[in-house]
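J.: Start counting the sequence shown at 13; every next residue gets the next number (the numbering used here).
Since the hints were derived computationally from the structure, they do not count as laboratory data. There may be inaccurate statements among the hints.
Said to hold, decoys possible - Dumping the calculated DSS-like pairs for lysine-lysine here, alpha-carbon to alpha-carbon at most 30 Å: (1) K149 / K197; (2) K183 / K149; (3) K183 / K76; (4) K149 / K207; (5) K149 / K21; (6) K207 / K197; (7) K207 / K167; (8) K76 / K197; (9) K167 / K197; (10) K207 / K76; (11) K183 / K21.
Note that the structure is a prediction, hence the values are computed from the model and not measured.
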Amino acid sequence: MRLAREGLKPVVICLAIAVFFWFFYVPFAVVFAAGAGFLAWFFRDPERTLPEDQRAWVSPADGKVVQVGRANHPFTGESNYLGIFMSPLDVHVNRMPGGGRIEYMEYVPGKKWMAFAPKASEENERFFLGFQSSEGKAMVVQIAGFLARRIVCSKRRGDYLVRGERFGMIKLGSRVDVYMPLSVKPCVRTGQRVKSGVTVIGVVDGGQAKKNA
């Protein structure tokens with residue numbers, strides 16, 4: 013199982029402490045070894061197989077869809093929108109729903125409402141990553157939840173990312189919102205479980221894409 017790079021340091025530290033205590037006090041060694049095992053599981057980063065259909069946009073996160081509808085943002089304009097709640101048990105690595113060049117990044121400090129609550133998208137700590145796709149402007153928003161303590165984005169403005177590429181993670185329970193161009197029609201429903209890089213959340217409408225071009 014691949015380990016997210018954000019988890020490498022804490023896992024190594026726990027293992028080193030476990031080895032140290034093995035020679036002095038075994039119970040402590042067992043505790044830290046167990047901690048290393050938990051961290052390795054939490055920071056797991058499994059490989060994912062993308063759908064073959066190049067018109068398909070994929071989920072940026074593992075979790076449950078809690079909102080589907082329309083939304084408006086200054087960067088994207090009116091968009092098809094959905095929110096995905098990630099529980100502490102889900103894989104927390106985030107992936108790009110579609111390919112494109114990063115043109116907009118903004119960090120907004122905020123509250124720690126439960127991530128599945130609608131107001132979390134407007135009031136919680138969050139990080140915006142907007143990109144120009146072949147269908148138009150789109151955006152993913154990493155939102156900290158009640159338990160989340162750190163949002164990580166490993167990319168920079170100007171980077172070009174492909175569909176399904178890793179771009180960051182949120183530690184512990186959290187949420188990821190997606191703003192898709194209107195030519196990308198949502199194909200998930202509220203309450204549905206999704207997997208990052210695997211589940212198709214939207215499909216490009218060829219006729220609408222030509223109309224918007």
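J.: Evaluate each hint against the coordinates.
T.: Verification of the hints:
Under the criterion of a C-alpha separation no larger than 30 Å, the hint pairing K149 with K197 is consistent with the structure, at around 14 Å. Using a Cα cut-off of 30 Å, the hinted pair K183 and K149 holds, with the two alpha carbons roughly 27 Å apart. Straight-line distance between C-alpha atoms of K183 and K76 comes to about 17 Å, which keeps the hinted pair within the 30 Å bound. In summary, the hint linking K149 to K207 is supported, as the alpha carbons are separated by about 23 Å, within the 30 Å threshold.
For the hint linking K149 to K21, the alpha-carbon distance of about 35 Å lies beyond 30 Å, and the restraint is violated. Distance hint between K207 and K197 is fulfilled; the C-alpha atoms sit about 18 Å from each other, no more than 30 Å. At roughly 21 Å between alpha-carbon atoms, K207 and K167 fall within 30 Å of each other, so this suggested pair holds. About 18 Å separates the Cα atoms of K76 and K197, which keeps this hinted pair within 30 Å; it holds.
Between K167 and K197 the alpha-carbon distance is near 27 Å, which keeps this suggested pair within the 30 Å criterion. Annotation: proposed proximity of K207 to K76 holds, straight-line Cα distance about 9 Å (limit 30 Å). Pair hint K183 plus K21 holds up; C-alpha atoms about 14 Å apart against a cutoff of 30 Å.
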